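Novice: Letter by letter, the chains look like this.
There are 2 protein chains.
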Amino acid sequence: MYIENMQGPEDVKKLTLEQLPVLAEEMRHALLIRASKHGGHFGPNFGMVEATIALHYVFDSPKDKIVYDVSHQSYPHKMLTGRKDAYLYEEKYDDVSGYSNPHESEHDFFTVGHTSTSVSLAAGLAKARDLKGEDGNVIAVIGDGSLSGGEALEGLDYAAELDSNFIIVVNDNDMSIAENHGGLYQNLKLLRETSGQAECNLFKAFGLDYIYVDKGNDTAALIDAFKQVKDSKKPVVVHINTLKGKGYAPAEQNKERWHFSGPFDIETGKPLYAGGEEGYEEITCKYLLDKMKKDPSVVAITSGTPGVMGFTKSKREEAGKQFVDVGIAEETAVALASGIAANGGKPFYGVYSTFVQRAFDQISQDLCINNNPATIVTFLGSVYGMNDVTHLGLQDIPMLGNIPNLVYLAPVTKEDYLAMLDWSMEQREHPVAIKLPGGKLISDGKTVTKDFGKLNKYEVTQEGSKVAVIGLGAFYGLGQAAADLLQEKTGTQATVINPYYITGVDTGLLEGLKKHHSVVVTLEDGILDGGFGEKIARFYGESDVKVLNFGLRKEFLDRYNPEDVMKENHLTAEQIAEDILAVLK
Amino acid sequence: MYIENMQGPEDVKKLTLEQLPVLAEEMRHALLIRASKHGGHFGPNFGMVEATIALHYVFDSPKDKIVYDVSHQSYPHKMLTGRKDAYLYEEKYDDVSGYSNPHESEHDFFTVGHTSTSVSLAAGLAKARDLKGEDGNVIAVIGDGSLSGGEALEGLDYAAELDSNFIIVVNDNDMSIAENHGGLYQNLKLLRETSGQAECNLFKAFGLDYIYVDKGNDTAALIDAFKQVKDSKKPVVVHINTLKGKGYAPAEQNKERWHFSGPFDIETGKPLYAGGEEGYEEITCKYLLDKMKKDPSVVAITSGTPGVMGFTKSKREEAGKQFVDVGIAEETAVALASGIAANGGKPFYGVYSTFVQRAFDQISQDLCINNNPATIVTFLGSVYGMNDVTHLGLQDIPMLGNIPNLVYLAPVTKEDYLAMLDWSMEQREHPVAIKLPGGKLISDGKTVTKDFGKLNKYEVTQEGSKVAVIGLGAFYGLGQAAADLLQEKTGTQATVINPYYITGVDTGLLEGLKKHHSVVVTLEDGILDGGFGEKIARFYGESDVKVLNFGLRKEFLDRYNPEDVMKENHLTAEQIAEDILAVLK
Chain X
-18 MYIENMQGPE
-8 DVKKLTLEQL
2 PVLAEEMRHA
12 LLIRASKHGG
22 HFGPNFGMVE
32 ATIALHYVFD
42 SPKDKIVYDV
52 SHQSYPHKML
62 TGRKDAYLYE
72 EKYDDVSGYS
82 NPHESEHDFF
92 TVGHTSTSVS
102 LAAGLAKARD
112 LKGEDGNVIA
122 VIGDGSLSGG
132 EALEGLDYAA
142 ELDSNFIIVV
152 NDNDMSIAEN
162 HGGLYQNLKL
172 LRETSGQAEC
182 NLFKAFGLDY
192 IYVDKGNDTA
202 ALIDAFKQVK
212 DSKKPVVVHI
222 NTLKGKGYAP
232 AEQNKERWHF
242 SGPFDIETGK
252 PLYAGGEEGY
262 EEITCKYLLD
272 KMKKDPSVVA
282 ITSGTPGVMG
292 FTKSKREEAG
302 KQFVDVGIAE
312 ETAVALASGI
322 AANGGKPFYG
332 VYSTFVQRAF
342 DQISQDLCIN
352 NNPATIVTFL
362 GSVYGMNDVT
372 HLGLQDIPML
382 GNIPNLVYLA
392 PVTKEDYLAM
402 LDWSMEQREH
412 PVAIKLPGGK
422 LISDGKTVTK
432 DFGKLNKYEV
442 TQEGSKVAVI
452 GLGAFYGLGQ
462 AAADLLQEKT
472 GTQATVINPY
482 YITGVDTGLL
492 EGLKKHHSVV
502 VTLEDGILDG
512 GFGEKIARFY
522 GESDVKVLNF
532 GLRKEFLDRY
542 NPEDVMKENH
552 LTAEQIAEDI
562 LAVLK
Chain B
-18 MYIENMQGPE
-8 DVKKLTLEQL
2 PVLAEEMRHA
12 LLIRASKHGG
22 HFGPNFGMVE
32 ATIALHYVFD
42 SPKDKIVYDV
52 SHQSYPHKML
62 TGRKDAYLYE
72 EKYDDVSGYS
82 NPHESEHDFF
92 TVGHTSTSVS
102 LAAGLAKARD
112 LKGEDGNVIA
122 VIGDGSLSGG
132 EALEGLDYAA
142 ELDSNFIIVV
152 NDNDMSIAEN
162 HGGLYQNLKL
172 LRETSGQAEC
182 NLFKAFGLDY
192 IYVDKGNDTA
202 ALIDAFKQVK
212 DSKKPVVVHI
222 NTLKGKGYAP
232 AEQNKERWHF
242 SGPFDIETGK
252 PLYAGGEEGY
262 EEITCKYLLD
272 KMKKDPSVVA
282 ITSGTPGVMG
292 FTKSKREEAG
302 KQFVDVGIAE
312 ETAVALASGI
322 AANGGKPFYG
332 VYSTFVQRAF
342 DQISQDLCIN
352 NNPATIVTFL
362 GSVYGMNDVT
372 HLGLQDIPML
382 GNIPNLVYLA
392 PVTKEDYLAM
402 LDWSMEQREH
412 PVAIKLPGGK
422 LISDGKTVTK
432 DFGKLNKYEV
442 TQEGSKVAVI
452 GLGAFYGLGQ
462 AAADLLQEKT
472 GTQATVINPY
482 YITGVDTGLL
492 EGLKKHHSVV
502 VTLEDGILDG
512 GFGEKIARFY
522 GESDVKVLNF
532 GLRKEFLDRY
542 NPEDVMKENH
552 LTAEQIAEDI
562 LAVLK
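Taken in sequence, the protein lines are chains X and B.
According to the working numbering, the first sequence holds residues -18 to 566 in order.
According to the working numbering, the second sequence holds residues -18 to 566 in order.
Only chain X is shown next, with the shape it has when bound in the complex (with noise of 0.2 Å):
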């Protein structure tokens, strides 16, 4: 096995060229075997294996630098610099990050997990090189998919600037997560089909030089390619024609099934464990389908993530022309969904918490100055979500908490969610987010009256003295039960409280607590730092009232264990408990 002997790319340059193919294989069965039992991307790691061979064979990694967009590609890359033993044995699988991590080796220049950013960062390396006067290669690696993101379009237009050397490879497997949507994949397409000879050229027209590899899975005809380029000395499109998920039949028939998978049987691809009990994606969908029969204007947006409301390639169908992916384009999504707002539409715009962020301004600016009235849902907004640090979604409280207009939602039911839906698609005075909690889905059956539209007034759920606790949504159970605990340790019964309003503060309410409450106790499920609890905090700076906040630190937490997080940041209800207890005394 020559996979077992790579102990960096110096290794890679010792085989013959005949060798190169075998050693894609070897690489390729140990990315199916780790894949199998532990899980992770996919289709972007088996079509990238032949390039990284190829990248390593013609380039001198570190000093000449290679920079994967979203990294979600980069094991083939982590197996020839020095980290293939996580993918070897199964024990050391986890010593690996999902993504690009320069923790990890000298070979890695970024953390990085949100699309689009590689050509503008491997920019920055480059411009840095040129001001201290060094030579190198700098090679940024795109997907097509991550194209239509504006930081990856900017970095095109930007990169004819540098008027040096700097390769930008657009791994072209003709597939976004789903499949592509936008008008540069026409160009894509004409491209491919033209084996690069079409004259009517995106890279060209973004004043770069530009070579076409029509075999991305050859290694001699990729290290061809990279032979012509190298030390180029202006920036350069090298445009390879790879196969997503390539060596694995199901994976090369259902690409958008296999981009990310969890464990599964390697004969028959069916996953180990089965799919867990109803989610919010899927009530989501359920709930936007039926709108959409009864009501022509509602629309459905994402951008590039349809899998995160629920919408698979049948649903979409269903929802044909209300259902919309503008790529991976988050900004363009929340201008989508305002403009349709103005001209009396209804529009829902469904995204992970993790990049809600990319459209801050858009939110701001394109929505909320505007007061248009689209709805926006954010997903795994958790600690309980996603844990690599590129993918947290603790920050969407302090993002989305502070912008004047905005009404944000926290539900804690099922009911909850609906229920702030029916009001959040039918009105016309107000842009509207709602954060899904994050852990498991509470339904209680119950029906929901709260009336929505009367801003920012919280409802007393039980009523207590001395503690107020006020739960944010997914933390509301966890108010709960430390008010439970204090009753068992007290006798005092404590008065609980569901906000629903995150960007809002119920200051009759509030006053109200004054009169037979010493201790006012606030949770939420995100840093503290910007949130929910502060606001609190300042509301009552100036009276007796104590305040404690519970949430989490400002930091950006790795690859953590959940549990592990809540106790370290005195957030289980024994915890919570003890502390308002301290302060009681």
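Hints may be right or wrong, so weigh each one.
No copy is singled out in the list; a pair is fine if it fits within one copy or between any two copies.
Said to hold, decoys possible - Computed list of lysine to aspartate or glutamate pairs in EDC-like fashion (alpha-carbon distance at most 16 Å, straight line):
(1) 274 x 298
(2) 566 x 525
(3) 421 x 75
(4) 495 x 523
(5) -6 x 205
None of these hints come from the bench; they were simulated from the model.
Everything numeric in this text was worked out from a predicted model, so none of it was measured.
Given the structure of chain X, go ahead and fit chain B onto it with the hints provided.
Specialist: This is chain B only, laid out in the frame that chain X set:
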């Protein structure tokens, strides 16, 4: 005069083709008189007179909907849609805003002011039209300078998906605010030089139909073109070649100077009011040029607004390769800075407060997760900054203040700022942002010896008791004034503190205050929600110390008088002292 009779677009249609150029001259004359007395965006409006006439001649606004990018070129549109008086009569000059405004007219669809949004917003109008089964044209107008922004490029990419009427008018005057930067401008040049015939065409590469109008200031040529595309069933780009500042010789000759102008003498073009004293623009430019000479790895970055940091054309030439304009592309500016820092360079990114929010995700992900030592400086983030609703600088504290790893600093004086730069540009540990104070520049000549590398250490500048006043940045002086008043009234000297750090709490110092202080007051130049003061309120939440947070309410202000806003927010020294007294009682 025709212009005096223009009650709405229907009156434009009543003129003959021969009369339209006369109307254009009348409009330009009115614009010139108004600009010379009132100031405003100059070049963009002078270039768009004929195109605006032609749009209203051919299309039927408001059924046909025109969306302007930035909308700083919408003065001619306002003149033709019922708002001519605001351009003809000096006493009515302030009846209109400087940007499109749905509150003024049914012919305006969005309140906008940031760049690169028109295509995506207008796409939303078109999508809603299609969902509702209506007809009518939707027209997005966008300048060449705005095309470099990610949202615009995303919008061009998405547009082809519409598959229905959608017209994008690209107003190409071969200028951004300063000269254009980016590879796409080579393509625009090629298209201009070939009368739109070149096969390699950025817009076609995005899947769009395309026509070219060489005479972009000729009403007849424009009317021909617009008639061609009217009621088109497919998205189409109309690329028009216009002259920025057309009709006023000084503006045609020095386009950068005349992008925006204050009042001036029409004969000479000279400003009526002399420039102010030295500001942070000049101080920043001088500092950077000096540093660049000593260190070739220092690089200043702008995203299309070099003037914000004092880099006039001659200064840019002086800096050479050490000055980078990425075009209007804030996302790429931040990523580039991160990449430069990662490779050992010393990047400085200067940006208006109102625009820094266009790069939230890049600051969080590309920069702060990677902990790269770049320096970002925010300008005009202040109640004393720009006062159009689309250009407020009141959001940067909640926006930047809650991102992990970022060190956000608030200087009070010029000397503070320079000392912060000295530290920030040389350290290799942290991403740093500096919030320049608004209002009158303060220089006290004092040497600043503070080591900013010891994070979150506030400074007590006046020892006192009972009350501690923490005045952040521009509001430090206000805090001192309130403390002085308090002393006058009560005889008690308050402690006064300069916190310097927006992003962290000096727990040691705050803990120590508990001993001899019952009230802690915070002041900040921005909205309170998610801001600095709330962190202090949280810190003291469970203690007996009372906290009063002073700052601005969360709202979108528009064209306000700063003194009024200060009073309304209880931000005069008298009001603050009174509020403190009320709590002391």
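Novice: Are the CA atoms of residue 274 and residue 298 at most 16 Å apart within a copy, between copies, both, or neither?
Specialist: For residue 274 and residue 298, only the intra-copy Cα distance (13 Å) is at most 16 Å; the inter-copy one is 61 Å.
Novice: Pop the pair residue 421 and residue 75 into one bin, within, between, both or neither, using alpha-carbon distances up to 16 Å.
Specialist: neither (25 Å within a copy, 56 Å between copies)
Novice: Taking 16 Å as the upper bound on the Cα-Cα distance, should residue 566 and residue 525 be classified as within, between, both, or neither?
Specialist: both (15 Å within a copy, 13 Å between copies)
Novice: Please work out whether the CA atoms of residue -6 and residue 205 approach to 16 Å or closer within one copy, between two copies, in both situations, or in neither?
Specialist: Cα proximity of residue -6 and residue 205: one copy only (14 Å, versus 62 Å across).
Novice: Using 16 Å as the alpha-carbon threshold, which applies to residue 495 and residue 523: within, between, both, or neither?
Specialist: both (12 Å within a copy, 15 Å between copies)
Of the numbered hints stated above, the single one contradicted by the structure is hint 3.
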